[in-house]
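Listed in order, the protein sequences are those of chains A and B. Convert by adding 419 to the 1-based position in the first sequence; the result is the number in our numbering. Convert by adding 1 to the 1-based position in the second sequence; the result is the number in our numbering.
Because the hints were derived from the structure by calculation, they are not lab data. Careful: at least some of the hints might be erroneous.
[What the hints assert, rightly or not] So the derived label-pair ranges between C-beta atoms look like this:
1) A:Glu1032 with B:Asp51: 51 to 59 Å
2) B:Ser10 with A:Ala574: 55 to 63 Å
3) B:Gln83 with A:Arg1179: 47 to 55 Å
4) A:Pro624 with B:Gln69: 50 to 58 Å
5) A:Thr1073 with B:Ser10: 22 to 30 Å
[To be verified] Covered stretches of chain A, as calculated for chain B (at least 3 residues, CB under 8 Å):
6) 647-661
7) 708-721
8) 860-866
9) 1117-1128
Glycine is no exception: its CB is placed at the ideal position from the N, C-alpha and C atoms.
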Amino acid sequence: MNTSLKNESLQTEITNISRRNLLKGFALTGFVLAVGMPFSGFAEDEEAPKYGRDAMPHGWVDNPLIFVAIAEDGSVTIVSHRSEMGQGVRTSLPMVVADELEADWDQVNVIQAPGDEERYGNQDTDGSRSVRHFFMPMRNVGAAARMMLEAAAAAHWGVGVDEVFAENHQIKHRPSGKVLGYGELAKAAAALDVPERETLRLKTPDQFRYIGKQSTRLIDGEDIVTGKAIYGIDVQVDGMVHAVIARPPVYGGKVKSFDDSEAMKVPGVIKVVTLEGSPPPAVFNPLGGVAVIAENTWAAMQGREKLKIEWDHGENASYNTDEYRQKMLEAASNSGGKVLRSSGDVAKALETADKTYKADYYIPHLSQAPMEPPVATARIQDGKCEVWAPTQAPQASKDTVAKWLEMSPEDVTIHVTLLGGGFGRKSKPDYLVEAALLSKAMEGRAVQVTWSREDDIHNGYLHTVSIEHLEAAVNADGRTTAWLHRTVAPSISSTFDASSVHQMPIELGMGVMNIPFAIDNVQIENPEAKAHTRIGWFRSVANIPRAFAIQSFIAEMAHDLDRNHKAFLLELIGPARKINPVELNDEWNYGESPEKYPLDTGRLRRVVEAVCEKANWGRDLPAGRGLGLATHYSFVSYTAAIVEVEVSDEGELTIPRIDIAVDCGPQVNPERIRSQMEGACIMGVSLATVGEISFKDGAVEQDNFDSYQVTRMNESPREIHVHLLPMEDFSQPLGGIGEPGLPPIAPALCNAIFAATGKRIRNLPIRYQLES
Amino acid sequence: MKLSVNGESHEVNLPEEMPILWTLRDVLGMTGTKFGCGKALCGACTVMLDGQPIRSCSTPIKAAQGKQITTVEAISKDKVGQAIQQAWVELGVPQCGYCQSGQVVSATALLRDNPDPSDADIDNAMSGNICRCGTYNRIRDAIKLAATNNGGAQ
């Protein structure tokens, strides 16, 4: 099914703002190999369900001519088609290519692909999917390129290809010891057929140079510490002007009238432009408002302060967090709702139990607050639009900008810069549309729109607000017989359908439908909850409230039953078994095949056992100190954490240590896995201790890092120990890494606080709750 | 008005209240120094003014008259700055990297004043610099490594 394709020596079309040296020889060609054949497994059977990378829009591409170029000086350029936001993907995936290619990492450059999924395969960088979905395609890319170099060398020497082999940027002829460098072979290799996928000779794991090793240099590390790395906010285009926008403070609001006479007097202000918004649902549309365009960002900000705007706040002006929590969330959590999963008879088991437990756990809205706020630069020339932006969603950016400009997507180019953090916020391209609309208003001149921190906090796509209501029954012999979980939270689906009041399968599949506990009577319900702000993805998404609630509740039960928390948790997880998520009514399973990715309670048990051993669970601690345990399964990876806390008599919290164990299957770049786990521990502490966005009269009450706090160095865990569980081998299905570390941290922290103080935290953030 | 940045003098015609940050970024085209909050709350914009770390988002250019501004782009000219950058790379400190310009400048200022900082010294000097990715533990380790490499811990 794989057709050989000729390199027609098309010139490189790759555009990249870093404008690294142009390549000769084995060139990035302008033609797409993949049309009609990217799905090897399912292309022949239209009826068969697709999973994983096969199910993603535009699937995947493994053509070396798309992803690799070798210059005559031997330098290798590898395309990163996924967005870099700190997870290390610009190192990890090119590293996979370089490994199969037998390339010397010191001679590798990485360039960033523009948004073009037909060419590169899926580019939507979220869901902890990049390495999980592209490990194999990138191995194919590297192996195919290596085999082309080998074939070129064999032809040059007139020997059989079985007599040559690649080693560290050279092809060697085994019998004679002759050697040719990659640069010398690049041109001839590029003229050869791309080997068919079925004929690729992949390395065996013992041959890996970088995959699974600890020490691969970060591709952008030096540029970052010298200030040379280019983020979205650093883009400079000829003639560029700068804009900030006053957006409606309330979701669904719009400008009633405005007076810009004072704003126009600010030195440097060029123009004031009204931006039309769009009524809910938000989708990825801009919010509208009044834009001030100026010679520099500061002048634009000064001008915006002088605008006098009267807003029509619309129907969400009555959104008040306290009231919403009481009238909507708590009421719903106590009255039941749509039943999603039911086995046995929970009501009867609760009635007849020896002991019952009931608790509500609350987590407020959260803002992703990436250090680089949303920012985008757009220019329109000759009927075409170029946008430079830090985006997690290059293709959605292209499509959304095209729609708003009434252009064909082919006429929109999205240049993806480094992202100064993303965490889900930059999956929504509303800010790119703003830049494009303002460029249009400036007759195509380049406009950079910068969001201030206040804009980011006020007008985000927030993590939802939730109550997780849990009930359980325990019989006289200590066995848990019933489990009732009501999950109440406005859904991300409301961002796409304003009438939506129920959560969608991807949210329900995040630690509520797919609880694996060995309990006979289980009921999962989802009462209605209406959204009054834009709800979006936040790293780990709905797993955050589910892990917090479930893992806190289990600790509460264990304490009341006078059981060791670890032993009780393992008893609930039950014996090692592989559960088909379909049997749990989980329709989603993170998009992965239920057969290939069953929920493996053996692996869940192992991370619990491992973290308990490493953190010395059960050890004696002085008064005021405590250990807390939690585990969670998310993004098809298994994690468990133990947090150690110290709480002073005055209620001051310090965190001497966190241990986190992770089983993600194959560990492609263990060093970046560790950094992701470390970061997740700190973000988990941050949301648990201080994270809160609240609303008053429809508007966000917090403004900046003074009122929306995030954890700083002095409040951070003093030690973080990451424990990577041994994998089986590299043929094992891969798990996610960017997100799974976060969910167990808040409950482990709160369980530790209980152990230290006897105080149970059911409402986040903890903030002042420990003060006596 | 004259501004001295990384040893180079620039003549600018700007309001004297304009922050150093936006002057560097939007007028002089030096983008290594980052915008994070605009209120001196996050440290992403940290530069040195006559060797002292300051938040350039909240410091007007008039405060830089007759003084030397040093940004991340020139920090490697300083022996301590170079040691910090090398330690950062060696320990793989950055994740997204956006805050690291400010972290590197703050850490360099710390180590120049205090060649062998304690954990408390590091907390004091670095807690004004937010990292949302959570690289604090590696930052701490990298400062200690740079101190060792620079002779500070001897």
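Each hint tested on the structure:
A beta carbon spacing of about 53 Å between A:Glu1032 and B:Asp51 agrees with the range 51 to 59 Å that was offered as a hint. Checking the proposed 55 to 63 Å range against B:Ser10 and A:Ala574 shows it holds: the Cβ atoms sit about 60 Å from each other. Range check, B:Gln83 to A:Arg1179: Cβ separation about 50 Å, and the 47 to 55 Å hint holds. Taking 50 to 58 Å as the suggested C-beta distance range, the pair A:Pro624 and B:Gln69 conforms, at roughly 54 Å.
For A:Thr1073 paired with B:Ser10, a C-beta distance near 47 Å fails the hint of 22 to 30 Å. Residues of the stretch 647-661 of chain A lying with their CB closer than 8 Å to a CB of chain B number 8, which satisfies the three-residue condition for coverage. Coverage of a stretch by a chain is defined here by at least three residues with a beta carbon nearer than 8 Å to that chain's beta carbons; for the stretch 708-721 of chain A and chain B the count is 5, and the condition holds. Coverage of a stretch by a chain is defined here by at least three residues with a beta carbon nearer than 8 Å to that chain's beta carbons; for the stretch 860-866 of chain A and chain B the count is 0, and the condition is violated.
Taking a C-beta to C-beta cut-off of 8 Å, the stretch 1117-1128 of chain A contributes 3 residues in contact with chain B, enough for the three needed, and the coverage statement holds.
When each numbered hint is compared with the structure, violations occur for hints 5 and 8.
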